[in-house]
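Using the sequences and the hints given, assemble the complete structure.
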Amino acid sequence: MIKKIFNYLFDLLFLLLTVYIVLIHACPEKVKEFTGYQTFVILTDSMEPVIPTGSCVLVKNLKEKEEPEANDIVSFRVDRLGEQTVFTHYFREKETDEDGRVLYHTQGVTADRYDDYKIYREDLIGTYVWHVPYVGKVMLFLRSPFALIELGIIMLILIINRLLSNKFTREEEALAEAGVPEKGEALESKAAATRDSLIAKELPKDGRS
1 MIKKIFNYLF
11 DLLFLLLTVY
21 IVLIHACPEK
31 VKEFTGYQTF
41 VILTDSMEPV
51 IPTGSCVLVK
61 NLKEKEEPEA
71 NDIVSFRVDR
81 LGEQTVFTHY
91 FREKETDEDG
101 RVLYHTQGVT
111 ADRYDDYKIY
121 REDLIGTYVW
131 HVPYVGKVML
141 FLRSPFALIE
151 LGIIMLILII
161 NRLLSNKFTR
171 EEEALAEAGV
181 PEKGEALESK
191 AAATRDSLIA
201 KELPKDGRS
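Using our numbering, you'd call the opening residue of the sequence shown number 1 and step up by one each time.
Keep in mind that a hint or two might mislead.
Unchecked claim - Below, a list of computed lysine to aspartate or glutamate pairs in the EDC-like style, where the Cα atoms sit at most 20 Å apart:
1. K63 x D11
2. K30 x E48
3. K63 x E33
4. K32 x D123
5. K65 x E122
6. K30 x E64
7. K32 x E67
8. K30 x E122
9. K65 x E95
10. K94 x E122
To be verified - Distance ranges between label pairs, derived from CB positions:
11. E93 x L17: 38 to 44 Å
12. L81 x T18: 32 to 38 Å
13. P28 x R101: 24 to 30 Å
14. T53 x I153: 46 to 52 Å
Simulated from the structure, these hints should not be mistaken for laboratory data.
Note that CB positions come from ideal geometry on N, CA and C, so glycine has one too.
Below, the structure is given as structure tokens:
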């Protein structure tokens, strides 16, 4: 019974993991919209010791007219060396620039000044909720194409294992219904018969010792 419960729980966890991997590869934007949350991996030490390098952070998406409060930890997009990347730093304050647009000043824990990037409202993604230390590499792997390959291999192994397990179970049930003892019981019966035969040979025919 315990084994069956364990198998069911394992199957459920594997199913959830499978759904998660497929969804984040097939329609990541839909997942973000549906859940209202996103996850990011901290790759630098700019937020240590508050958030260790390699942590996975959960971020709640900011709604259209929602604003972060001063000293909230926020995730935001920046153009770094011509590539879009995501940072997670403290939001400190707002300021209106020379064009009349509102700038959002952010800062890392280890920095003694604000970030040099120009961050506007459309660059903000969401506010920090919590983090799990040192599991970032796992999350990066799950998002990579290799995760789908590994998932396919694991699923194939599990399917073969389940088919073989069901086959052996059906054979055992068929033997039990037919009254045929299982292998262990048959060996015990044979050993007992051999033992009784040896005892009978040791006793004299007239019963005297």
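Is it true that T53 and I153 lie within 46 to 52 Å of each other by Cβ? 30 Å, violated
Would you check the hint for K94 and E122, treating anything up to 20 Å between C-alpha atoms as holding? 14 Å, holds
Within 24 to 30 Å or not, the Cβ separation of P28 and R101? Taking Cβ atoms as reference, P28 and R101 lie about 29 Å apart, which means the hint holds.
What's the verdict on K32 and D123, does the C-alpha distance respect the 20 Å limit or exceed it? It holds: about 16 Å lies between the C-alpha atoms, which stays within 20 Å.
Compare the distance between the alpha carbons of K32 and E67 with 20 Å, and conclude whether the hinted pair is satisfied. 19 Å, holds
Taken at face value, is the distance from the CA of E48 to the CA of K30 at most 20 Å? 32 Å, violated
Measure nothing beyond the straight line between the CA atoms of K63 and E33; if it is 20 Å or shorter, mark the hint as holding. Holds, at roughly 11 Å.
So if I understand the rule, the pair passes when the alpha-carbon distance is 20 Å or less; does K65 with E122 pass? 11 Å, holds
Would you mind confirming whether the straight-line C-alpha gap from K30 to E64 stays at or under 20 Å? Between K30 and E64 the Cα gap is close to 17 Å, so the pair holds against 20 Å.
With the threshold set at 20 Å, check whether the alpha-carbon distance from K30 to E122 stays at or below it. 19 Å, holds
Hint consistency between K65 and E95 [alpha-carbon to alpha-carbon, up to 20 Å]: 17 Å, holds
Range agreement (Cβ of T18 with Cβ of L81, hint 32 to 38 Å): 36 Å, holds
Going down the numbered hints, you'll see the structure goes against 1, 2 and 14, while the others check out.
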